[in-house]
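Asks: Protein chains in written order, with the numbering used here: chain S, 1 to 216; chain R, 1 to 216.
Worth flagging that the hints you see were computed from the coordinates, not collected in a lab. We treat Cβ as the ideally placed atom computed from N, Cα and C, and that holds for glycine. It cannot be assumed that every hint is accurate.
Okay, derived cross-link-like pairs now, SDA-like style, lysine to any residue, Cα gap no bigger than 20 Å in a straight line [as the list claims (entries may be wrong)]:
#1 R/K82 - R/A162
#2 R/K82 - R/F58
#3 R/K199 - S/A195
#4 S/K164 - R/G153
#5 R/K164 - S/W101
#6 S/K164 - R/R150
#7 S/K164 - R/A138
#8 R/K164 - S/S188
#9 S/K164 - R/K82
#10 S/K164 - R/E154
#11 R/K164 - R/L56
#12 R/K199 - R/A142
#13 R/K164 - R/R187
#14 S/K199 - R/A162
#15 S/K164 - S/Q52
#16 S/K199 - R/F194
#17 R/K164 - S/A195
#18 S/K164 - S/G185
#19 R/K82 - R/G153
#20 S/K199 - R/E192
#21 S/K164 - R/E145
#22 R/K82 - R/V146
#23 R/K199 - S/S159
#24 S/K199 - S/W140
#25 R/K164 - S/R150
Between beta-carbon pairs, the in silico distance windows are [as the list claims (entries may be wrong)]:
#26 R/D27 - S/A110: 35 to 45 Å
#27 S/E77 - R/A110: 44 to 54 Å
#28 R/M80 - S/E77: 24 to 34 Å
Number of protein chains: 2
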Amino acid sequence: MARPGSPSKIGTNEGGRSTQTRTQLIDAAISSLINDGFGGTSARSIGERANQNQALVFYHFGSVANLLLVALDTVSERRMAKYSSAVENAGTPSELIDVAWQIFREDLDAGYVTVLVEMMAGSSTTVGLGAEVAQRIAPWFAFAEVALERFIGESGLGSLIAAKDAAYAVVAMYIGLEMLTHLDGDRSPAIELFAQVQKFAGLMGAFSATTGAKGK
Amino acid sequence: MARPGSPSKIGTNEGGRSTQTRTQLIDAAISSLINDGFGGTSARSIGERANQNQALVFYHFGSVANLLLVALDTVSERRMAKYSSAVENAGTPSELIDVAWQIFREDLDAGYVTVLVEMMAGSSTTVGLGAEVAQRIAPWFAFAEVALERFIGESGLGSLIAAKDAAYAVVAMYIGLEMLTHLDGDRSPAIELFAQVQKFAGLMGAFSATTGAKGK
DNA sequence: GTCTATACTTGGATAGAC
DNA sequence: GTCTATCCAAGTATAGAC
């Protein structure tokens with residue numbers, strides 16, 4: 001039996017029926033995680049959404065959990081590309097927050113963060129999943145750290161705030177916001193919060209300028 | 001059929017076998033949420049932990065979801081009492097953060113936040129659960145807001161930070177930290193983060209003192 | 001009123017058909 | 001190599017025993 005997700009991807013005949021089925025299943029898995037949650041996602045729910053037989057999940061991916069991890073990888077890569085280019089194009093810290101908020105809202109609407117959060121939630125239940133998901137979050141810590149490093153450096157706050165800690169906090173907050181927002185579908189507290197952060201960031205900039213740091 | 005969780009609690013004969021069974025089931029539900037996660041929690045898992053027949057869950061609470069909500073209420077009340085008295089006894093903002101961290105670590109170790117977070121996670125799956133859980137989080141927003149109000153007032157930052165937004169952020173962060181910590185069981189990033197917050201809070205105090213606010 | 005034996009449903013996984 | 005028919009385990013819920 002082929003180890004799913006591993007190198008030997010069974011039928012990797014380019015453009016063949018197998019790869020097409022795989023793609024359909026991955027997309028279906030994503031939409032099931034978003035719409036049915038981790039608990040509501042099953043081989044059957046995925047098969048239905050993909051218009052495929054549920055057993056194909058096991059043939060192509062070995063297990064439901066494996067398919068879900070591939071789904072997480074897929075979403076994660078897409079989103080990372082988006083965030084990366086957006087952050088690169090953001091000049092000032094204020095622009096950075098704007099961009100972060102804009103894409104995060106996009107995430108909330110489309111349910112991309114949901115995929116991650118649902119997988120985290122499911123990790124309590126399915127054994128071994130926690131470590132796999134943790135591995136897939138790591139790049140986001142690194143990404144946030146780099147982005148914040150620049151932000152903090154330009155603000156002259158480097159001696160006060162460690163980018164690593166800030167990155168951890170930001171990621172935790174994103175996750176928490178997604179969970180809270182998802183609970184009742186009310187985005188407004190999150191919107192207000194971001195406005196608040198914007199304001200505070202502006203203040204910090206002014207503060208660092210006062211203390212004679214190389215502010216922008 | 002008695003509406004579970006509602007006023008008519010079936011056999012509420014004080015100290016009788018029924019109330020004892022109820023208590024056992026509630027405790028078992030809490031420990032199952034903590035150890036098995038929402039997905040791993042079932043009438044059977046609860047019954048086993050309580051050394052009771054799984055069907056008793058339905059007799060006493062009507063459904064698994066209802067029992068879990070009662071479990072959430074139980075933990076939430078216990079914790080609220082703890083936090084309330086701790087916050088009352090905290091004089092300075094710095095003490096407040098110390099206390100918050102201390103109890104949060106206790107939460108992490110004992111799994112109290114886990115109960116809430118698992119219920120939030122499960123809300124994606126079980127219909128109608130989201131609203132119920134949201135209702136049970138509301139007091140925590142209010143609590144955090146009052147605590148932060150005092151904090152912010154004393155620091156003279158009232159004009160810059162809205163306590164309501166800060167409270168939302170703090171709750172979101174707690175939830176996010178619990179999820180991240182739970183994933184791989186590594187508490188150290190959270191510990192470092194709190195140390196960082198402590199440091200930053202100290203700075204804020206100094207800053208507000210400079211600007212001539214009624215700092216403590 | 002309290003609890004147990006039992007029916008029914010859903011989901012994961014494989015043996016074997018094409 | 002690709003997919004389907006089928007089996008088995010686990011979960012919810014109730015009918016009925018005590």
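Asks: Which numbered hints turn out to be false for this structure?
Replies: The structure conflicts with hints 1, 2, 3, 4, 6, 7, 9, 10, 11, 12, 13, 15, 16, 18, 19, 20, 21, 24, 25, 27, 28, although it agrees with all the remaining ones.
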